Each structure stands twice: as structure tokens, then as C-alpha cells.
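Trainee: Position one of the sequence shown corresponds to residue 1 (the UniProt record's numbering), numbered consecutively onward.
Derived from the structure by calculation, the hints contain no laboratory data. Where hints are given, some of them may not hold.
Stated by the list, open to error - If you anchor each label on the Cβ, the simulated ranges turn out as follows:
{"#": "1", "residue 1": "196", "residue 2": "146", "range": "20 to 28 Å"}
{"#": "2", "residue 1": "92", "residue 2": "232", "range": "32 to 40 Å"}
{"#": "3", "residue 1": "28", "residue 2": "179", "range": "41 to 49 Å"}
{"#": "4", "residue 1": "206", "residue 2": "61", "range": "37 to 45 Å"}
{"#": "5", "residue 1": "88", "residue 2": "28", "range": "29 to 37 Å"}
{"#": "6", "residue 1": "36", "residue 2": "199", "range": "24 to 32 Å"}
{"#": "7", "residue 1": "169", "residue 2": "252", "range": "23 to 31 Å"}
{"#": "8", "residue 1": "180", "residue 2": "31", "range": "38 to 46 Å"}
{"#": "9", "residue 1": "64", "residue 2": "24", "range": "27 to 35 Å"}
{"#": "10", "residue 1": "64", "residue 2": "232", "range": "16 to 24 Å"}
Everything numeric in this text was worked out from a predicted model, so none of it was measured. Where a beta carbon is used, it is the ideal one built from N, C-alpha and C, also for glycine.
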Amino acid sequence: MIHKTHGQAPRRPNIGITPDFSASRPDSVFPSYELRAAYPEAVLRAGGLPLVLPYSDDAACVEAYLDRISGLMVTGGAFDIPPEAYGETAREGLGPMKPSRTAFETALMRGALKRNMPVLGICGGMQLLNVVLGGTLFQDIGLEVPGANSHQQTHDRTQPQHPVDVRDGTQLAEALGRGQLMVNSTHHQAVSKLGEQVVVSATAPDGVVEAIESPQHVFALGVQWHPELLLQTIPLSAGIFRLLVQKSREHRR
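Model the full structure from these sequences, guided by the hints.
Mentor: Below is the structure:
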């Protein structure tokens, strides 16, 4: 029997997404995983199949996850990476931490990069990408970056806060086009020293690094803003997820 494939939609690659974790909430004493719906919805719209990855400290489980996904998205959250992860100690301005989440995401990201699997880091996920590749962070922009603007907007996060300049010749420019783009801003930390062979692909007007990537990998991109919340207001933002899905589909044909 001949199976016709003409006109069929492209295969949806599995995109692993890391959730946040809450030990308890006002409405429940039971621990729960939490994931803003905008993350998987952005992957679905881009042609991927989102899979949420519960935490594990078992290396074999991490490898099993990586066996089953074609791309990885590490999300953001209201917490900081332990400074010991980048060879520093806590300074004034450091926020709350979630060591178990960071340990899991670090193992997952290291494994994905070792396999040359496409990786997208969003907000805190971008900061982790820089740390995993050997870089460091400003522990608090307001205290450590002279002349920096506020990067924690108080208005609706589906609306932009400031522009970024996207550098030509980068994968970010491939996804969004080069030049200026408006983005939202919800972070108090930022990239300080770049990781090994990491390049800056976007900056804010005050010089704060807003996107990084690793040319030594097929696709390892980090953005400091939340493009998943801007799909309606800044439609160009969808290009980031489309490129992740495209690279993931090519990674595992």
C-alpha cells in the first residue's frame, strides 16, 4: 500500500520544558509543579510538542528525558542561581534560590549541550546557560551595574518595557531579524562575564546583556526577556520558538 504524505504537516519534535516548583501554596499544603501556560502554548504554535519534565536527581532519569526529547527549553522564575555555581559567594541584593531546581536544570542543560541538542533559555534559563558555559552573573543589576535602568517592569508583562538591539549575523537575528526590538523585562540579575565562546546577540540601551548564544553548538540561545508573553503584542517574538522547533526537528529526523 502506498501512503500519501503530500500535504501532511511536518513532524512535531518533542520539546522538553522545565517547570517551577512550589513546596506549598495558600490553597494547598501539597507540593506542586507550576508552569505558565504561555510556555507550552508558544511551542505548540511553533509546531512543537511540549513535554513537561518533573525534577529528578537521578542521572539515568535525566538521560532518559534527553533520549525522548529533540529540544530543551529552560524557563524562568522568581529565584536566583546559587552564586557558588559560578565560583562566587552571596552579595547584597541576591534573591531567594531554589537549589534543587537549579541542580536539575543544570544536569539537563549540560546533557543537552553535550548531545548538541537545541537549547533555549528564557530569563533565568538564559542566566543558567551562561553559567553552565563558564560565565558569571551580576547578582543585582541595581547594585552592581552603574547607570543601569530598571529591568523589573511593574506594568502588564504582555506589554514591552524597553528596546533591545539585535546583532546582525546571530541566530537571534535569524529568528527575529536584526535591528531594534521591543521586549518586556522582569529580571534583577544579568550576565556579567560571558561563558566560554559565548557571544552577545542583543543588548539593552544601558548596555545590559539581553541575549546570548553559543556558536559552538547547533542552537544554544538565551534571551533575558519573556517572548512567550509577547506573542500577541510583539508577534515577531514567535520567531524564537519557530527556530527552536526547526532546529529540534533537524536534530532528530
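Trainee: It remains to establish, for every hint, whether it holds in the given structure.
Mentor: Against the structure, the hints:
{"no.": "1", "hint": "196 - 146: 20 to 28 Å", "result": "holds, 26 Å"}
{"no.": "2", "hint": "92 - 232: 32 to 40 Å", "result": "holds, 38 Å"}
{"no.": "3", "hint": "28 - 179: 41 to 49 Å", "result": "holds, 46 Å"}
{"no.": "4", "hint": "206 - 61: 37 to 45 Å", "result": "holds, 41 Å"}
{"no.": "5", "hint": "88 - 28: 29 to 37 Å", "result": "holds, 36 Å"}
{"no.": "6", "hint": "36 - 199: 24 to 32 Å", "result": "holds, 28 Å"}
{"no.": "7", "hint": "169 - 252: 23 to 31 Å", "result": "holds, 27 Å"}
{"no.": "8", "hint": "180 - 31: 38 to 46 Å", "result": "holds, 42 Å"}
{"no.": "9", "hint": "64 - 24: 27 to 35 Å", "result": "holds, 29 Å"}
{"no.": "10", "hint": "64 - 232: 16 to 24 Å", "result": "violated, 36 Å"}
Violation of the numbered hints given earlier is confined to hint 10; every other hint is satisfied by the structure.
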